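> Listed below are the residues making up each chain.
Number of protein chains: 2
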Amino acid sequence: MRTVDARPLSADDLALADAHWRAANYLAVGQIYLLDNPLLRQPLAAEHIKPRLLGHWGTTPGLNLVYTHCDRLIRERDLDMMYVIGPGHGGPAIVAQTWLEGSWTDTYPGTTLDERGMRRLFKQFSFPGGIPSHVAPEVPGSIHEGGELGYSLSHAFGAAFDNPDLIVTTVVGDGEAETGALATSWSGCRFVNPATDGAVLPVLHLNGYKIANPTVLARIPEDDLDMLLRGHGWDPVLVAGDDPEEVHQQLAGALDDCVARIRQIQDAARSGSPGGATPPGEVHWPMIVLRTPKGWTGPEEVDGVPVEDTWRAHQVPLATVRENDAHRRQLEAWLRSYRPEELFDEDGAPVASVRAWAPTGARRMGSNPHANGGLVSRPLDLPDPRDYAVKVPGPGAELHEGTRPTGAYLRDVIRANPHNIRLFGPDEVESNRLGATLEATGKAWMLEQYDTDQHLARDGRVMEVLSEHTCQGWLEGYTLTGRHGLFTSYEAFIHIVDSMFNQHAKWLKTTRQLDWRRPVPSLNYLLSSHVWRQDHNGFSHQDPGFIDHVVNKKAEVIRVYLPPDANTLLWTMDHCLQSQNLVNVIVAGKQPQPTWLDMEQAGLHARRGLGIWDWASNDAGDPQVVMACAGDVPTMETLAAVSILREELPDLRVRVVNVVDLMRLQPSSEHPHGLDEREFDAIFGTDVPIIFAYHGYPWLIHRLTYRHTSHEHLHVRGYKEEGTTTTPFDMVVRNDMDRFHLVIDVLDRVPGLARKAAVLRQRMQDRRTAHRAYVNEHGADLPEITEWTWPQA
Amino acid sequence: MRTVDARPLSADDLALADAHWRAANYLAVGQIYLLDNPLLRQPLAAEHIKPRLLGHWGTTPGLNLVYTHCDRLIRERDLDMMYVIGPGHGGPAIVAQTWLEGSWTDTYPGTTLDERGMRRLFKQFSFPGGIPSHVAPEVPGSIHEGGELGYSLSHAFGAAFDNPDLIVTTVVGDGEAETGALATSWSGCRFVNPATDGAVLPVLHLNGYKIANPTVLARIPEDDLDMLLRGHGWDPVLVAGDDPEEVHQQLAGALDDCVARIRQIQDAARSGSPGGATPPGEVHWPMIVLRTPKGWTGPEEVDGVPVEDTWRAHQVPLATVRENDAHRRQLEAWLRSYRPEELFDEDGAPVASVRAWAPTGARRMGSNPHANGGLVSRPLDLPDPRDYAVKVPGPGAELHEGTRPTGAYLRDVIRANPHNIRLFGPDEVESNRLGATLEATGKAWMLEQYDTDQHLARDGRVMEVLSEHTCQGWLEGYTLTGRHGLFTSYEAFIHIVDSMFNQHAKWLKTTRQLDWRRPVPSLNYLLSSHVWRQDHNGFSHQDPGFIDHVVNKKAEVIRVYLPPDANTLLWTMDHCLQSQNLVNVIVAGKQPQPTWLDMEQAGLHARRGLGIWDWASNDAGDPQVVMACAGDVPTMETLAAVSILREELPDLRVRVVNVVDLMRLQPSSEHPHGLDEREFDAIFGTDVPIIFAYHGYPWLIHRLTYRHTSHEHLHVRGYKEEGTTTTPFDMVVRNDMDRFHLVIDVLDRVPGLARKAAVLRQRMQDRRTAHRAYVNEHGADLPEITEWTWPQA
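Residue numbers (my numbering), protein chains in the order written: chain A, 9 to 801; chain B, 9 to 801.
The set of hints was computed from the structure by calculation and includes no laboratory data.
Treat each hint with caution, since some may be false.
Intra- or inter-copy, both count: the list cannot distinguish identical chains.
What the hints assert, rightly or not - The list that follows gives simulated cross-link-like pairs (lysine-lysine, DSBU-like), each with its CA atoms no further than 30 Å apart: (1) K728 x K562; (2) K131 x K728; (3) K131 x K764.
None of the values given here were measured: they were computed from a predicted structure.
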């Protein structure tokens, strides 16, 4: 692997770098262990030690080392640099560094830059009422928790897109590097436009061990590792050793080399010749492979067993310091090995030379405004959704592809906000009928282009890569640094990022409690290839459970929308693109479906989130049955059922309720969008059967509504894991959510229909049977099903 | 990239190979388009065409090509070979090939090897009542659906482990290759023991395009691709072209080369010198990079637009064949270009030379017994769990780490079944207290070992890699080929494989309907680092929602167990390791917890799945309140609450119900383990408050029980997304599931306690407040909490 021979640090700078690193390491160890006596002004006693020792030492000295050296780089070159920490367990490092540079105290003025502040800094770490052990939202300068591993690089790329002057230094742990999300995210460099995007500078930190095992990348032959990274499009520089002076020099030289190379790549791309011979996707971007011991500078051995440079250094190397005098003496020696008396003054503040090592103001990585994205966020300039409305001559009179008008709307959003929004998707933007966006922009592509290619462009705003992890990570990084975006995907396969969604929702929940974190744009999903229209792909593509997963997270950060038609979707999208600090999930089909509401009605309906559809009801304020629906396909089946009931049982008083905003179904005590009991009862009644056709798994509706009075009258139809490659209508039949079965459900539940009901019930069964027979013979739905429209008044 | 110069096919073999490939391609196109006239005995008319054209042509000719060439290889060398198809959308290819070789007709005798059978084969494809469009469980020879992309290689490795004679040829799509799961699964070769495992032979198929975009790996410079694969530990051979004769020769030569190289690696490892100089993990295994046009041999252009070798060939290249005469003529010409009259005889059967191309019997890839794992599966020889029991002097009298005895049990399971079980985990086997297994085996490690390493071994049965995707994929492949396994992980991060679980559960559901698929061992999860004991890691590690996710799948394939103590866990594990065709989720903590039941009681309790704990109840058959609990921490808090109630309100009749098998809570109509209404009422009563302390999100209990009579009396406590780095007891306090709050819940709900209740209520609140204050000062729980034991009678 390539090395850099330069040894750029003067003797003074070398000493200063080392002092700064020692200071940060001292502060990190102090956080893990000390409740008091932060400057070791007294001999270390049991009562100075925390009762529970929590934290991860192993990765910490490496994180500190890179931070310290980035400080020099930023200072000398006035760089705009962020720091993304893959091994997010190393919280003590970043807390230490941001305190040293003053960012911590700027954010939390109570934790002053003196002995009192240091004591507080130490105590609060991993302490009830304090801060978590990982790089959590509480840490200034971070956009990445790293509790769950694998997302550092995709977050970093998301931050770098459209920030041409930004360099995102990203430490990738060698444990993290084994995850799928990380393994595929290396190829993010193939999607960076050196002319208009910033750069990601990965530092693959080979400290050799996970919790209890060696790591794969640290043990494969170094030539293999070199080829692996080169193959991904990188040009790695090796920095390796366990002698601090030597490693300081190597790392300083490597960083100089990398930044020079980044500038060279960017300058070439920015100084004209945009169509140069080598596509930018073939450029090999610089990166660093840092091979240093796990738990470096910590105890070499504990109780006769090697610790430094083994997996035993992962968490707390000395585990019983409060009880065991020998351990406590060893801890004291360890702390004193950093020579704190040289690093902190009488008051406990870092000495001037240590303080001066860090850059100042917004150049400090703990104060970089991009890492508090709300500071730099600009709202979108949004067109009027009315301009994209589908004309509706009457409810349900015409069929329209639900997502296509939203495609046109998004096209103009992109035109009006060229560097402030991107669309992300695993190769589905066109198949989801958002192709109009490609009139305004291209799909980002930096590799070679062929004559037969279409819509590829180096400055494309549509990012397509067949990795949901990468799409999600890029979008998270993009929104956390203040920009806007939309992730469009298959409903079933969005489960691939269940866990990433969890982490992001948890991040948002926490940031809402931190005043200094300014609100960032919401993370928006459009799930358009949904469960009911995966009839062509079959069972493996049929799963509406992402909604259930999302609803488990804190009510204040999640929203789920099921617009029933194209116009309602337009309003919903407009609303989501204006929102902040939320995760919005929109599920809306792309296939031709009846359009129910004109644009004004749709606007009102979307704002209300749910409502009685008077034009479809004949209940005169006193329904015998409520037909509720949420989702485009359930809405169509419900209205088709209602039209049968209106014809067959014209005296039956039916009320139709449509739900767009699923959270409206919860009690107001549970969700900010919830209805209060009076409102809920006014809409759903208190004593009549409610037949609810729902897009997803039926039990979710029970879960949301079980506290409501009328819950005992609720009967829900939805997807119950029945499906295969078949026709669209056969899908609803297999799951008993078809119009005929909904009619049967009404007949079974409304009292007093006995005589008429028996005949109609049989006819409905016969129609189901007849349809099944037709489908099995012809492989297609009956035209009377596919061409059905709501009967005009 | 390396190429092989050999051109091993004689002129005859070349012609035969091409004929076989043409036959398979013809049958694939026929499946996509034809309802009738399968042999084109008449001119193609509209009525011969399916009304809905579904299927994926683009990947199909490549899948057929590799299959055809594997046939020669198997025949000439009598190989034991399976075929795993990453681009699982290419169902028509494998259906065609298995029909040609006779496996399809052996499996489905109605689909004969003649014209009638061919018509049926064509019609059934992607047709209601027929078979799905992808490589679904219905396809003989497959263990991998590939609807959701990314798992082909990890499935292949799982199949190859402990099958020393097996070669698993695995086509990896270049779209699939962009996913995270696939990207990290390349390093599976670092975990293959050439002495005792079989081989995986990947064929990376660069057909260049996804649905609407080029693929990354097909467009990066070929040198980069070569380095990338070499870096992962492979030795790729390039096969590229669009001239069939040339590609046949190249591919035949490359496959000969790869198999020879595999045998060379294996022979070296198997012929002694096991401690040779080069660790087996440094071996570069052979693989093939196959660069052929997408939709090769299909229409070059349609309506003047290029199709072959572009993304437009992805699905159905000619879309309106029924309506458009020109398209229909083009389809006919396309079908006739394969010269079916040379390939099929008068009766429609493949001609003798085409039939003879394939191997016979169990050597046919569609009939390989490993791919119908139940055929080769052997039950585990299990020790008596009683031998590992924790002694229980009295309920709750002592604390034990819940998982440690199960570690000893698993150690002896491994000893008794050395090649029939493996444990999988992302570096957590020891931290989950299953370290006893390492007395019987090592952790599989083929790379270099250092002196400081522990428990690494080339023949280790414990597989640890920091990728939940890889662990899950390996285990799926291992169980689908008939072997046994357990995946142990953090509860929160098992969400990483939500989507893989979905696919596996769907696979199992479908296989249960296919008599010819023999039952395979269940897929078992042990989630031991669970939500309540992630207090040290904090909020990012706290998520019990995997259970919710699992419960959405078909009741007949899923089970969830929450054993309350070490002995019940032993019985539960014993039960799960004997089960078949299920996904078993066991959640059990590893921290010291009270042990409630002696081994016989625990056995009875585990078999019943739930029950009244008489020793903890004083209800005399007529409770005033039911205290229910599921999960180890909720059980402890419930019994602590009961002990307070017994002391403070000795006359209050309390019944304690503990739930191990969560599915027992559903009605019997919903789940095979469900209680009928009479049983449920007998246990939970019909008119008294039920205070239910549950391990996960509380609403799941409502969802499972809402149909039961007593649901209106149910009040559930559980995790409600409140947490941080804090103490264990503070976690339950933050979520209102602590003993004091459970007492308050009782006081608030049992009628007639008013006077006593007010005083006790206040005392409970005071204890909560006092505890919070203690924790915030000391950073640890009060000893009276951590040392609490159930009062002995």
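> Each hint should be assessed against the structure and marked as holding or not.
Evaluation of the provided hints:
1. K728 x K562: For K728 and K562, the Cα distance is within 30 Å both inside one copy (26 Å) and across copies (8 Å).
2. K131 x K728: between (51 Å within a copy, 27 Å between copies)
3. K131 x K764: neither (75 Å within a copy, 41 Å between copies)
Hint check: a violation occurs at hint 3 only; the rest are consistent with the structure.
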